[in-house]
Amino acid sequence: MTIETAWILVRVRRNPAEAKYAVMRGLLHTDKDAGLHFDDWDLLTKDERRRRSSWIERHGRSPFQRLGISEHFLLSTGLSVTDWGPPPRGGSDGWSEAIS
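Just so we're on the same page, my numbering is the position in the sequence shown counted from 1, plus 13.
What the hints contain is simulated information worked out from the structure, not anything from laboratory work.
Each residue gets a CB set at the ideal place from its N, CA and C atoms; glycine is no exception.
Incorrect hints may appear among the rest.
What follows is a list of derived Cβ distance ranges for each label pair [to be verified]: (1) E70 to M14: 33 to 39 Å; (2) H85 to N28: 16 to 22 Å; (3) T95 to S67: 15 to 21 Å.
With the hints as constraints, model all of the structure from the sequences given.
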């Protein structure tokens with residue numbers, strides 16, 4: 014994820030009114046791979062899987078999931094995010110209801 018994408022996500026989480034900026038930015042700079050993607054945990058080392066699992070166990074969700082930003086928002090703003098947490102089970106993204 015680019016620094017600009019991270020900045021937009023944090024700003025929108027803190028102040029949802031800033032979503033308008035993200036949408037306007039998306040009209041000008043849409044990422045061809047916009048949306049939510051997940052790291053392939055099978056490609057990670059055991060230490061990295063353990064580190065991430067420990068973090069998720071302590072905090073409940075990955076850093077991106079904790080923002081509560083939906084994939085719909087990412088698609089509508091042209092942003093691409095690779096979440097390092099494991100994909101949600103059953104295809105449901107119950108953690109992404111806050112900002113859509």
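Hints and how they fare:
Restraint check, E70 to M14: a C-beta distance of roughly 23 Å breaks the suggested window 33 to 39 Å. Checked against the hint of 16 to 22 Å, the C-beta distance between H85 and N28 comes to roughly 19 Å, which is consistent with it. Restraint check, T95 to S67: a C-beta distance of roughly 20 Å satisfies the suggested window 15 to 21 Å.
Hint 1 from the list above is the single one not met by this structure.
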